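> Residues per chain, in single letters:
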Amino acid sequence: MSKVKQDVERLLNKLPDDCSIEDVQYHLYVVEKARRGLEDARANGTLSEEEVEVRLSKWLPE
Amino acid sequence: MAARVGWSQRALRDVEAIAEYIAEDSPVYAAVVVRNIIAQTKMLSQFPRCGRKVPEFDDDGIRELLAYSYRIIYRIEEDKAAVSAFFVYRNNSRRERARWVESLYSRFFEKSELKQVRDTLDCESGDAKIIALVGEEGSAWTDYLNFFELVAYLHESKQVAREDVKALFEYYIGCLKRHRAVMDYIGDQSKGFKYLRKLLLKI
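Chains A and B, in that order, are what the protein sequence lines are.
Residue 103, in this note's numbering, is where the first sequence stops; the numbers in between run on with no holes.
Residue 240, in this note's numbering, is where the second sequence stops; the numbers in between run on with no holes.
To be clear, the hints were calculated from the coordinates, so they are not data collected in a lab.
Among the clues, some could well be false.
[Unchecked claim] Here are some chain B residues pointing at chain A (derived, C-beta under 10 Å): (1) Val70; (2) Glu93; (3) Glu101; (4) Lys166; (5) Ala169.
[As the list claims (entries may be wrong)] Computed cross-link-like contacts, SDA-like style, restricted to lysine to any residue with a CA-CA straight-line distance of at most 25 Å: (6) B:Lys90 <-> A:Glu73; (7) A:Lys99 <-> B:Lys90; (8) B:Lys239 <-> B:Gln226; (9) A:Lys74 <-> B:Gln226; (10) A:Lys74 <-> B:Cys87; (11) B:Lys79 <-> A:Ser89; (12) A:Lys99 <-> B:Ile75; (13) A:Lys99 <-> B:Val65.
Here the structure is a predicted model, which means the values were calculated and not measured.
By construction, the Cβ of each residue, glycine as well, lies at the ideal position given by its N, Cα and C atoms.
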């Protein structure tokens with residue numbers, strides 16, 4: 042079985058029996074988003090906290 | 038040793054998008070959310086394992102914190118002790134927060150070394166066992182206090198409400214307060230339990 046199918050199967054087994062389609066979609070979205078974030082960090086490296094604070098400073102009034 | 042915290046580019050873009058979206062209605066609230074997210078990720082340098090395991094993954098190294106309506110998902114990288122965070126909206130904040138608090142509670146009761154200290158503290162004040170426990174400063178003792186320092190930090194940074202801390206740990210916090218030697222130890226600034234000292238004044 043492919044890794045993706047295994048992940049989906051494991052996810053479905055963890056959800057309660059009365060879960061909705063929206064619940065399934067939401068948790069799949071989390072898995073996909075987290076996976077992309079991990080790949081991004083691995084492939085492109087990460088920014089330091091200082092760099093992040095500079096980039097976000099426009100949202101933080103003095 | 039403090040862990041290095043690294044953000045993926047994607048995580049930063051997510052937060053910028055979140056801030057932009059919120060700022061359309063309220064720049065003030067956008068600043069509050071951004072500040073909270075930054076504060077949460079800063080906490081990771083001190084307590085990299087403080088987040089709960091992400092339930093969607095079967096991986097102890099993938100963890101998350103909550104910042105208002107957002108889940109901050111990060112990975113602990115062993116060699117660099119670094120984390121990369123990214124953010125997803127959570128669809129049911131009350132349920133997610135309840136699960137998060139439950140994971141904290143489980144951690145307290147699952148660790149056998151914490152149980153040993155918990156049992157020792159559950160005695161009358163003035164017991165000689167307490168003087169020995171505090172005086173020896175063993176790893177189980179410091180782990181126990183570090184757990185409560187984490188709980189206190191989570192409360193300070195608004196991850197866990199006072200009511201939750203009270204409901205889950207009031208009895209065990211009472212056990213700490215019961216013993217003069219314990220309170221003197223925590224009160225010693227050189228021991229580094231500054232958040233716990235504040236929490237003990239509130240509960």
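> Is the interface hint for B:Lys166 satisfied, with its Cβ closer than 10 Å to some Cβ of chain A?
violated, 42 Å
> What's the verdict on A:Lys99 and B:Ile75, does the C-alpha distance respect the 25 Å limit or exceed it?
holds, 14 Å
> Straight-line Cα separation of A:Lys99 and B:Lys90 no greater than 25 Å?
violated, 32 Å
> For the hint on B:Glu93, does the least C-beta distance to chain A fall short of 10 Å?
Holds: closest Cβ of chain A sits about 5 Å from B:Glu93, inside 10 Å.
> Run the distance test for A:Lys74 versus B:Gln226: straight-line Cα separation, threshold 25 Å.
violated, 42 Å
> Does B:Gln226 sit within 25 Å of B:Lys239, going by the straight-line distance between their CA atoms?
Holds, at about 18 Å.
> For the restraint on B:Val70, tell me whether the closest CB of chain A is nearer than 10 Å.
Holds, about 9 Å.
> Can we keep the B:Ala169 interface hint, with Cβ of chain A closer than 10 Å?
Hint on B:Ala169: violated, closest Cβ of chain A at ~41 Å, above 10 Å.
> Are the Cα positions of B:Lys79 and A:Ser89 separated by 25 Å at most?
holds, 11 Å
> How about B:Glu101: closest beta carbon in chain A under 10 Å, or not?
This interface hint holds because 9 Å falls under the 10 Å limit.
> Does A:Glu73 lie within 25 Å of B:Lys90 when you go C-alpha to C-alpha?
holds, 16 Å
> Taking only the CA atoms, is the gap from A:Lys99 to B:Val65 under or equal to 25 Å?
holds, 12 Å
Hint check: violations occur at hints 4, 5, 7, 9; the rest are consistent with the structure.
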